[in-house]
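So you can see what is in the structure, the chains are spelled out below.
Number of protein chains: 2
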Amino acid sequence: MALPKLHNFPEEHLTKEQVSALEDSARRARVTALTMVTAAKSGHPGGAFSSMEMFMTVYGVADLTPENCSGINRDYVVVSHGHTSAGVYAALSEWGFIDRDEVMAHFRNCGSAFQGHIEREVPGIDWGTGNLGQGLSAGAGFAIAQRANGHKGRVYVLMGDGGQTKGQIAEARRTAVKEGLTGLVALIDWNDIQLSGKRLDIMPCNIKALWEADGWEAVEVDGHSFTALYDALKAAGTHGKPTVLLCKTIMGKNGGIMEGVADYHGKPPAVEAYNDIVKGLGEDPAVLTKAQERRKTPPTYKGRKIGYPPAPVIETGTPFDYEGAKVMDNRGAFGKALADVGKLNYKKEGRTPIVVFDCDLAPSVMTGAFRKECPDNYIQSGIQEHNVATMSGTASIAGVVSLWAEFGVFGIDEVYNQQRLNDINLAGNKTVLTHVGLDVGEDGKTHQCIDYVGLLNNTFGWKLVVPVDPNQTDRATRWMLKTPGDICMAVGRSKIDGLKEFAGSYEFEYGKAVKLRTGKNGSIFALGYTAQIALKAAEIADVSVYAVSCPLAPDMDALKEAAKAGPIVTLEDHNVNTGMGAVMILEAARQGIALPKVKTLGVNHYGASGTSDQVRAEMGLTPDKIAEAFKE
Amino acid sequence: MALPKLHNFPEEHLTKEQVSALEDSARRARVTALTMVTAAKSGHPGGAFSSMEMFMTVYGVADLTPENCSGINRDYVVVSHGHTSAGVYAALSEWGFIDRDEVMAHFRNCGSAFQGHIEREVPGIDWGTGNLGQGLSAGAGFAIAQRANGHKGRVYVLMGDGGQTKGQIAEARRTAVKEGLTGLVALIDWNDIQLSGKRLDIMPCNIKALWEADGWEAVEVDGHSFTALYDALKAAGTHGKPTVLLCKTIMGKNGGIMEGVADYHGKPPAVEAYNDIVKGLGEDPAVLTKAQERRKTPPTYKGRKIGYPPAPVIETGTPFDYEGAKVMDNRGAFGKALADVGKLNYKKEGRTPIVVFDCDLAPSVMTGAFRKECPDNYIQSGIQEHNVATMSGTASIAGVVSLWAEFGVFGIDEVYNQQRLNDINLAGNKTVLTHVGLDVGEDGKTHQCIDYVGLLNNTFGWKLVVPVDPNQTDRATRWMLKTPGDICMAVGRSKIDGLKEFAGSYEFEYGKAVKLRTGKNGSIFALGYTAQIALKAAEIADVSVYAVSCPLAPDMDALKEAAKAGPIVTLEDHNVNTGMGAVMILEAARQGIALPKVKTLGVNHYGASGTSDQVRAEMGLTPDKIAEAFKE
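If you read the sequences in order, they're chains A and B. Going by the numbering used here, the first sequence opens with residue 707, and the numbers climb by one from there. Going by the numbering used here, the second sequence opens with residue 707, and the numbers climb by one from there.
Be aware that one or more of the hints could be misleading.
Pairs count within a copy or across copies, as identical chains cannot be separated in the list.
[To be verified] Below are the BS3-like pairs computed for lysine-lysine, each with C-alpha atoms no more than 30 Å apart in a straight line:
no. : residue 1 : residue 2
1   : Lys973    : Lys1201
2   : Lys747    : Lys1078
3   : Lys1049   : Lys914
4   : Lys954    : Lys914
5   : Lys747    : Lys1331
6   : Lys1337   : Lys884
Just so you know, these hints were derived from the structure itself, not from any lab.
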């Protein structure tokens, strides 16, 4: 029986024949899912079975097909409980996204697209998940991008019930309501069982009351009834609120001995049990033998190719020049460049929208001017950084330039895992960290972000730019906005000098150190604004100064040159164990570059609270002390 | 007028005289706070003024005094909105914890204890905060420790209203209700203004409904009335639920032009405005001049000395030996040792309680045996990792051994900032990361924790142990439980060999590499269980093998020895850019140790999904490939 075409709800209600076809399909999909986990000897069958009708219905009604799933103006589907991958893949195979035999054979097999938790390489998967709590934020990000692009689509987010306790979900709920994202539809697989037992034994959580308290329309639905799911999904969003469907389900539904048993949350059944369940579902258990046989040869299907979103269509305008001593703070130069580019492109036909996220810090992170120029593309999200980190990620793969400006400790320390998942998902969002290093002096040690290099160095994709002065900040901002990939820019709070080397016709080039001074007695490699301190030290010690603004892409030509010219000091307003100096030294060792004596200067304990100058002095990062390092 | 003694609520209600004394004190405290921020030219007066009666009352009624504040069996006070430090310090000076003139002069001055956000060095401050959302979790951790120690005390948590949107608060609320922490009392400074404007414009949040939905007793109180605050605090917890006081207040209350103005959330007034406000509060503005004068000389008061909690009083029993091939997984060895030590000490007179936290993963992280032995000290907290990371931190400074076992990506990636704040606070908690590295193969790239060394290397205090085999795991577990400080242990999932080098009389020594094999053609330094792979490679290449289990404390003697003996390969199931190899190479460069050619092997891209062996092979981490590295 062929599956009916249900995209965008062509029917008032499902017909009997349609329900019958869907049920037949769900029955087969359960066999698919169970065969996957049994052949792979690992996986999560319980939730795959309980969510099956939800998966089948959502992928049926969504404007998301094998043909349009890699484009942008369409519906999005986020499955937050990514461990139910077997169920998701099974439903996708029913709807023609992927091949059933291939996924049954190569689920969780090295080299296949079918990872243990869902990933974007599989067509129909819009976001790689499994770290619970992030899915609704992912959906909100997609919905915001749809709105910015003028596309009236829907975003479906499927979740488990156990993960409803994650705080980030509440943050996403509030943003969805504030932004009026009525096209955002959440579905909760409410089976009351989680990995280690019954939900109410593990951590009680008043699911319905919490969604309602945050302003959502909460509707209870039989999560195994296609009729009920179809009707509820069709009606979603018609009350002027985002809607959540509380789908009452049974863990392991139609899975024989697995039904209602927590143990099968994360474990395949034994082979005899497998046989019984599959027979109960009306299929020949030989399907497993076939899958096991096929698994002996390597997977042929690698999934679709996922890359960063393409370069946006925007104009980046003409850089501003800043001249003189203490002329501007880097955060200010960023804010001005952002507003300038924003204005140039705002609501212009054919341009990629630029969306800026804020967490109650616009006056400090300097996004106020952008808000004024581009009010509809400025998203005030309150003190909810986890939510924003994820939203910023998904928005960026849905047709907008997505930028979040935030204090360093909140934009990376607090949300490291969200930014890691943005990296894995090749999101291409832009994060601007302000108030980094000891330059947020008075706020004290809990607010000094001294680890942004070290944190992003753990990822494989993030680029990081730490500008030296306002001129370079301006140019790097414009470069960042039009460049694909996840890019972080880290800027300080204090007013600093505008350097002529980065003004006028200077163009920012990622990975290139800029030699600011040539001296006789050695070299300083200085990160970002500390190059300005290094220049003063260099006057005393008569050494060269290389200004580094891309600590994760060390300029090895510059280092080789310096290595021949005497001792080297690295200088950074960052943890000295994990920053620019550490990256350079590691790369030199790998390349077999013999380094002279190297002294690494930076933050070697938690900072004091005082003016930036005071705090740096306490840390030994004054021109005098830096110059002294060459005497040793 | 002397302040009344109010500890533990000696009065039915406050008398008129008592209220009058408190009001007089609050008036003076406002002058104190305003003088602080004006002398420091930075700080947050608005919230300091709106929370003033809350601070004064809580520090009045709490069983927390200058005399007992560094002990453990007492009440605890957590101020989550740590940016209101000026108000907190002012109240503490009224209650005799600190000297008024000193704090007015040296607030946010380098070298003083009075950081911009509150820190534990100031007597009366139980937790350094300011990163919003963590305070209630901190309080829950203290309350759990009190309970484990049989102390029927109270924990007061003060919060702002803007930060109510942080998801972690909801997690803490649920834990408090599930654990029946009726001694936990929350107070919200509900002034409806936050940094960049009105609360309802920034992010609406139905505060009362959310606390009630999570099962708290929510009581509205006039936050500027001592009478109302005293009565409400006294009644808290008497309905069998934790209680939150929704304290209606006015931002900048009694601060003249600052009243109700968002701009003064984070900015001191100009000097004329200062004068007017202070005169309005009945004091001579000359107090500012005096403070400014005193500020010219360095601060004399450094605060109390804060260190890690002392070594617990526990017995650690006799280590278990594991012999043979694939005899045990390290997580299993950890679980057995933990349960053994738990049983030895459970409810024994005079012993320090051992409390274990779980986030719905006991069957995977192997804390089930401990739960069986020590049911009352096992805290099931559901999928709420941010909350648990903070609770585990505060519990550890309140008289218990506090241990949290968790999957790597959730125990450190997801909660990096909470663990960073545990470090800043010198918490001394123990985190056991299971399923680290590619050893969680099938779960795929979102679940492979390949950055735990790199993340903890950003902190200054965390120790990290990555055991080589089940024998070392057992011994390191017992060592960890009795050793002061924040300690992380990272273990894999697969069964591995028990090595004789770590059995019998072997004692774990932090920072010492163990030479497992001597060869002719060079050396492998291998992290944790990869030493077992290295041994196979070493047979092929005839090289030495050093097993490293403390990547953050490189054994430089071993490295010097190896440096003389030929090429070096570093091997780790970790991001190759930020792991053990990077730490060793940096330290060698600093010490001027000339290294031979070094090849760093490890994880250099996100992993595949498959068996651990498959995934390691795809990453090039097989004995053959490792041996080949010596040919180059």
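Results for each hint:
no., hint, in the structure
1, Lys973 / Lys1201, "between (58 Å within a copy, 18 Å between copies)"
2, Lys747 / Lys1078, "between (56 Å within a copy, 29 Å between copies)"
3, Lys1049 / Lys914, "neither (42 Å within a copy, 40 Å between copies)"
4, Lys954 / Lys914, "both (12 Å within a copy, 28 Å between copies)"
5, Lys747 / Lys1331, "between (60 Å within a copy, 28 Å between copies)"
6, Lys1337 / Lys884, "neither (60 Å within a copy, 62 Å between copies)"
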